[in-house]
Every structure is written in C-alpha cells, then in structure tokens.
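Single-letter residue listing:
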Amino acid sequence: MENIKLTKDIIREHGLTNDEYKKIMKILGREPNITELGIFSVMWSEHCSYKNSKNILKLFPTDGDEIIVKAGEENAGCIDIGDGLAIVFKIESHNHPSAIEPFQGAATGVGGILRDIFTMGARPIICFNSLRFGSLDSKNVKRLFKGVVEGIAHYGNCMGIPTVGGEVYFDESYEGNPLVNVMSLGVMHKDKLITGKATGIGNPIFYVGAATGKDGLGGASFASRELTDESHEDRPAVQVGDPFLEKLLLEACLELNDKNLIIGMQDMGAAGLTCSTCETASRGQNGIVLDIDKVPRRNLYMNSYEVMLSESQERMLLIVEKGKEQMVKDVLEKWDLHAVQIGNVCQGDIMKVYERDKLVADIPADSLVNNAPIYTPDEKIPEYLKEINEIDINKIPLPSNYEDVLKRLLDYPSIASKRWVWRQYDHMVRTNTIFLPGHDSALIRIKGTKKGIAVSTDCNSLFCYIDPFEGGKIAIAEAARNVACVGAKPIAFTNCLNFGNPNNPERFWQFKKCVEGMIEAAVKLKTPCTGGNVSFYNESPQSSIYPTPTVGMVGIIDDIEDRVPSFFQNENDLIFLIGDTENDLGGSHYLSIIHGIKKGPLAKLDLECEKSLQEFLVKAAKNKLLSSAHDLSEGGLVVGIAECTFDACNNLGAVIDLTELNNPSLRIDSILFGETHSRAIVSIRGENKSIFLNLVREYSLSCYEIGICKGDRLRVDDCIDLKVSDLYKIYEEAIPRRVQL
Amino acid sequence: MKCKVIVFPGSNCDYDCFYIIDKIFAINVEYVWHKNPTIGPCDFIILPGGFSYGDYLRCGAIARFSPIMNDIIKFAKKGNPILGICNGFQILLETGLLPGALLRNNSLKFICEHVYLKTNFYDTFFTNAIEKDKPLSIPIAHGEGNYFCDRDIIKKLQDNNQIIFQYCNASGEVTNDSNPNGSINNIAGIVNKKRNILGMMPHPERASEKIIGTDDGKAIFQSVINKLL
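Top to bottom, those sequences are chains P and X. Positions in the first sequence are counted from 1; adding 23 to them yields this note's numbering. Positions in the second sequence are counted from 1; adding 695 to them yields this note's numbering.
These aren't lab readings, by the way, just hints derived from the structure by calculation. Only a predicted model underlies this, so the values are computations on that prediction, with no experimental measurement involved. Hints may be right or wrong, so weigh each one.
Claimed, not checked - Below, in silico cross-link-like pairs of lysine-lysine (BS3-like), each with a Cα-Cα straight-line distance of 25 angstroms or less:
no.	chain 1	residue 1	chain 2	residue 2
1	X	LYS905	P	LYS473
2	P	LYS162	X	LYS730
3	X	LYS718	P	LYS473
4	X	LYS730	P	LYS357
5	P	LYS470	X	LYS804
6	P	LYS282	X	LYS905
7	X	LYS905	X	LYS829
To be verified - The calculated label-pair distances, taken between Cβ atoms and stated as ranges, are:
no.	chain 1	residue 1	chain 2	residue 2	range
8	P	ASP86	X	PRO762	50 to 58 angstroms
9	X	ILE848	P	GLU195	48 to 56 angstroms
10	X	GLY877	P	GLU195	33 to 41 angstroms
No residue lacks a Cβ here, since even glycine has one placed at the ideal position from N, Cα and C.
The task is simple: from the sequences and hints, build the whole structure.
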C-alpha cells in the first residue's frame, strides 16, 4: 500500500492543492507515502486546521481573570467558578453527518462533544443543542427533524447526562443542509484538570475503548466540502455511536483521573488516531512512536492508512505514567474495557508509525498541528445586500385583526413550544435541573455550593443574513440577555460558526463580518470566547444556509435562591417593559410570517444600553425584586407577554395597557410585534415598585408600566382579548401537528 | 439502618438515589458494584434507573446475570425491602422477582415529564407515609415503560392488591388521557405478593426536593425508613 505512486488525482482527491503538496515535500524533505498523505490531508483539512478561519478567529477576546484554559489550547476552554471548582464547556457541529444519516449523525455529535469535556477531567453535567431545519412542510425535513431529535435523545439519555435546553429554528435556507450544533458543560475540582499533552519520555501511550473500524473514514475531510446530490454515497463517512461504551469510557477515565494514574488524555474524534497522537505530541513538545499492529480492529483487513484515518467512535488515548500500567489496566478491567499499549512518548518532535516493523509514517508532529497552511480568502460584499435593506415601511398595510396575527406567530414552529423535542430528552437526570426547558435559560445547581449555572444558545440567522455585523453582535447580546434574565451574570461563551463555502468571497465576507460583530459585543459585555468550532461548506445544491454563528453563553448565579423564572407568578403583580420600542420591523418574524417579507434594515443594537439592561437584571435578581423576567426577541412584545403566561401549571393571564408607549411616529404593529433589541418584560410585586423604579433609574434605563397579571385571559388594549389556555394550545400543538401529518 | 444502591455499568440514577438517602434523609448508604458476589450488611436495596448494559437487547435482560443478583434474590426471599426504579423495575421483571414485562412506550418515543400517580394501598414498605388520596407528582423518563402482562397475571395482581401506583390526572382520576405509555390498567408500579419488592417506572428520587419542582416522591423513601427504624 505504501508503495502506491501518488498521482495528481490522488493528491486532489485528498483535498490538497499543489502548493500544499509542495509544502509537505518541503517539511519531509521527500515525497510522502500514501499513509503520510492521508495524515496530512486530514490534519490540514479545514475541520482540523481552521486554515481559512484562523486569521479571523484569533481576533476573539479570550482573556479573563477566571480563565484557566484559553480557547484553542486544549479540547475545550476551562473557567474557574470559585468554591474550588472549574467548568469546561464547548459547542460543536455535526451538520453534514446529520444531513446524510440524521439519527447516527446527531447521536455521534453528542458523543463527540461529551468526550471533549471528560477528556479534560470534568464530568459532563448537561447537554444542549441548537438545531436548524428547512420548513416542516417538507417530508424530508420531517424525517431529518425526527431523526436528529431521536439521535440526540438516544445518546444523551443513555449516558445519563440531561439535555436541558437549546433552540430549534425552521427556515427554507436549511432545507438541504440542516444544522446540528451540540454543546456540553462539565464540572470538576480545578486541581483535577488534565491536559492533552504527551509528556515524560518513555511514558506508555494507551488505546482504550471501541475497536477501530472502517467507519468514518475521512470524516474530517467530508465535513470540509459541500454537500451534493451524491453525498448520500458518503454514508461510510458517518459513524455509528454506542452510548453505553461511551458511558463506560466516561466513568473509567474519570476514575483514572481521580486516582492520578494518567498524565494526559485525548479523545479520538475528527481525524481519529492521527489527530490525537500528533496533537498530544505537539502540545507536549515531544515525539511519539506508534506500533499500529497493536491497535484493536473491528476489521482485520485494514492497512495503516485506514487505521490512522478511521473515525470510529468511543475511543480515547491515554498517556500513562510509567510504572502505573497495571493500575490503569485494573481500572479499565473493572469497566470491562480493554487497554492496549500502542506506543510511547519519545524524545524529539517526530511522530513515527510502524506497521509490521516497517516505518509507514515519519512526520514532525508539530508540522501537522501548527504548520498547516493559513489562508485569507477573498471577500466581497454580497450582491443581495443592495436590495435586502430597502423596504418602504409605509407600504406595508396594518393588519385588520391583531388576534389572528398573534395566533399565527404562536403557531409558527420557530416561535412555538419545543416540548415535542425536549420531552424526548431526559432533562432531569442528576437532579440538578432547576428550570425545566422553556425558560429563557436553562438553570442548574451545583450541589455542595449555593451556585447555579445558566446556559443559553442563540443566533437569529435572518438578522445575520440581512446584516452580518449587527447579526453577530445581536447573537452575543441576546444569548447574554437570556442568561441575565434568570439572574445569572454572563461570564464567557463558546461558538459554533456555521457558514457556506469560504472560497466564495461573498460567503467569506459574511463570516468575517459576523465574527467582527460578535467580537464588538463580546468585548463590551466582557464575555471572553473559550473556543468552539467552525463549520464551513454548509451548502446544498439548492442554496447556502443563512450565516449562523451559534453562541452558547454561560452565566453564573452566586445564590440559586436568587433565580428568576420567565413566567408570570402572582396575581396582581405589576408588569413592566424595560427598554425603548422603535419602528423595528426589519428582519422581524412578523414581517416574514405575516407579510412574507424577509428584508431589513435591521436596527443597530446599542451595546451600552444592552450592558446596562443586563447588569440591571442581575442586580434586580440579587435584590429579589423580580417575580419574573423574559427577554423580548422573536415575535416582539405581544408574543413575549404571551410566553410569560405559558407556565404549564397556571396559565396566569395579563391585562396590558400600552398607552404609555404610544407615540404618533410609532406604528401599532411595531409596538406589538416589532423586534427592537435590548428589551425585557418583568413582573414585580406591587410593594416593590418604588425600590424597583429607583434601581431602573440607577441604570439609566427606560421603563414603562404596561399592565398587571390577572385572570386567565390575555388582554392588550382593545386589540387582543383571548383566553390564555386557547393561545397555549396553539403554541403547544404547532410542532406536533406538523410532525404527525 | 443501612441502604445499598446497586451500580450496574450503565446505571445513571445511582448517584441521584444515593444523594437523596444520604443528604435528604441522612441515612447510611453505600454503592455496591454489580460484580460483587455479596451485598454485605444491608436493610434496604435500591435498584436505580439507567441503561444497565446499554439495553440494546431488552432492558435489564443482561443485568439479571450480574454476580450480585444471586445475593439480591436471597435478600428478597427473606422479605427485605427492595425498590426498583425505572431500569431497576425492568431488572426486577427480568429476574422474575416481579411478574410481567415492560414494552416500548406506545408512542415509540422516549418520554420525560411529570406525571401524577394514584396510590392504591398504603400498607406496604413503600407507601405507609404517603398522604391519603393525594395524587403524587413524580416524573417519568423512559422509552420502555409500557407495562404488559397476560390476563391471569393481571387478575392476580388485582386480587392480591399488588397494583400500588397507577397513572392518573391532577384530580387523582385514572383515565386514558393520563396514561403516558400505554400500560395495562395505567400501571405505574407493582409489588410482589409478599409486598416487600416494589417496581415502579416513575422516579421518586427526582421528586424529593422542592427546588427541583416537587417533593412528593420523598414519602416513598420515608415509608421504608419509618418501617425499618
């Protein structure tokens, strides 16, 4: 096999350009053999090397006092949260596998992100996901949607890690290319952090977990090209997951770490054995020798190329302290796992791979990890932006019946209840889930402390399409606002940047502008980025997806007793709208769903004001002034108020009077359904009113008293008067009724 | 008194059960690894939920061959209390300590949500501290919780007052609408004839603290403790 003559076709099939091939020759001082070519091709793929995005990603703010491991240094970022504890979290995409095989694609996505967390020594305590599909009117979309949700449920439920929240959007732009972004967060004692470094010359390298098969061969390369009509033929590039095996790996790895038996640990994810060995060697500034014949295999007829490139799931690489081999084997034996020593840490910087005593790869490890080519692709302002920001708002007629508009918005799957989805996820196991899904953020407690962790994922991708810079800003701001609404202080975020082909200058411009917007918001809100994932090539034969930089924001609440729910709580509580309302219909769901117009312009988000609002929400929660708080986003004010009444237990209604908001320049539909940023609906006890208003003034926020929690109807001026339970029914049935058709 | 939580490789509610017994009731509790041949000194066994062996075959079908099971059966035969929750219930059925089987939910989907339970008898190890006629709000989380058995068994269960918990609505009425998974007679939990072994699909350990929504499940653990202390 290693004698195969490398032709231009073979090199091209490996996704390497002529210049890249020359660079490989220069590094090696000779021609590579086929195994080496395969190794370079996966490590230099976009998925592993970030070659098209690295120059942009490095602009993200990554510093912070509490940051223990910065973005890019390890498998996931790590943050000190006090009480001797640290958290590790990350979001990752599994878009292309899910488009081909939704159940396994999504399931293995969960498996991959969980390994990223426990490979750092942390126990994953929650899962999250952000999903995007085409319209539910399409039969194929229904199949994808059902398959993805079942796949996530299958893996997470079996692992016993609660899936506590996320988001699901439906839009035609995702028709042929759904997005499946999965996130996990883990907790550990901060002195238990373990890194993916191969250190200590002579230390043995152990292979643990599933045997290596031909599945997932070249998955990293597969993720680094566009989906075509023939992509289903790539099915072998999609792996099959075994959550039970992963559960054993999780418990075994954490036990090994507890007993201080291992020096380094790295999961075998994208680019499998290749990536895990050269990355650990590179981080440890050492070399590594592998005897590939020792690697357990599912298929006897595999050559070195296939073994090195396989992406079989549920495999880990351990760097063990010499002399502790037997103790490691004992722990793994307890969990019915096989441990095989496949190599050693060695002096120098070379990764050497032997097959039947023959050297089949001999590559400087660092060249694979840090010497990948870096590109700055061409960029160009997209043509479509010229006309997308030109709407004459005066030509849009006012609706004749606002009740119908509200009902149609609540029935729209992106806005409607996602209970059909999260009911299939075990969201309560480990008994830390304080807020069930449906609140602005998921909120979990950390047992043994008073603390809680709030997480929210967010991205309005239509906003990012209309105005990538503002859209990027808004994604960060809104995710942080969601976290602040439950009373937690946003501390850091991870991101999953889903875009089209970076070699298309218009797509790359979208990418760059979105990131620039995110950076502006992240710097202002003092929320550093702890890492994440870039997913390019999200294009199907029909179209490119909307630019979708998904943000996973994490916040800390010092005392879980200060938490604020999103739903109205008490009869006679006063309702306030915080933040000003403008004629902001551009990019709104109202404009898109009711008038069929997906156009801008978008209002600019004022970060100063956003920051005040978030700080206010956290402070007001701490002072126990709020009965409820809910951020306004999709669907605007009335949808937001309706959502506040949708507590499954009480469906407490509200009487709303918007006179205070009225002003001659404001359209009624802008007030009711416009999506002006930086706003929240809060409810408070009447006796807290004056302290509350003082605090509002302290933070220089605009605030309008708009009503009272009362009865079982939602009344808004003289334009809406409906029973909450009727609205709730529409909201709850929107997705099930479409899926079951 | 001493409680033991049995840990199979894929158990994932072991920690939650341990936490409740240890932190909420301050009772001595230990984990027992499934490969152990014996349980050791013990007054009360909990078989927790999870996916004991991945359950790709049939839930609990492999777990019953675990080394610890022989000692658990002995413990049971002596009339000591065993509580099997979710996958623990499935294991009790596979070992034959309880009759019947659990099929896939009739929706063919995993369901995680709060349900209401009607308690039919208050004379067992597990129900003596439950408030009379109060529907208990306790969550379920399973893909295979659809209790099934033949007519003879159901008749015996009825004649011997073995159907302890049934799914009901918030007012305590046992209705079709309140049956989440298609179980015969809305069965959520049953005891053996000797009334010392309870298998139930809902998770009382997830309903024993107000902060996570409800503490209605606490009474089930409290009942066992009352009886033993």
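Going through the hints against the structure:
1. Restraint check for LYS905 (chain X) and LYS473 (chain P): the C-alpha separation of about 15 angstroms stays at or below 25 angstroms, so the hint holds.
2. Taken as a hint, the LYS162 (chain P) and LYS730 (chain X) pair is broken in the structure, with Cα atoms around 48 angstroms apart against an allowance of 25 angstroms.
3. A distance of roughly 15 angstroms separates the Cα atoms of LYS718 (chain X) and LYS473 (chain P); the hinted pair therefore holds under the 25 angstroms criterion.
4. In summary, the hint linking LYS730 (chain X) to LYS357 (chain P) is supported, as the alpha carbons are separated by about 9 angstroms, within the 25 angstroms threshold.
5. Proximity of LYS470 (chain P) to LYS804 (chain X) is assessed by CA-CA distance (about 31 angstroms); at most 25 angstroms being required, the pair is judged violated.
6. Between LYS282 (chain P) and LYS905 (chain X), the direct Cα distance comes to roughly 35 angstroms. Violation of the 25 angstroms bound is thereby established for this hinted pair.
7. For the hint pairing LYS905 (chain X) with LYS829 (chain X), the CA-to-CA distance comes to about 17 angstroms; that is within 25 angstroms, so the pair holds.
8. In this structure, ASP86 (chain P) and PRO762 (chain X) meet the distance hint of 50 to 58 angstroms, their C-beta atoms being roughly 53 angstroms apart.
9. For the pair ILE848 (chain X) and GLU195 (chain P), the supplied restraint of 48 to 56 angstroms holds, since their beta-carbon distance comes to about 53 angstroms.
10. About 37 angstroms separates the C-beta atoms of GLY877 (chain X) and GLU195 (chain P), a value consistent with the hinted range of 33 to 41 angstroms.
Hint compliance for this structure: hints 2, 5 and 6 are not met, and every other hint is.
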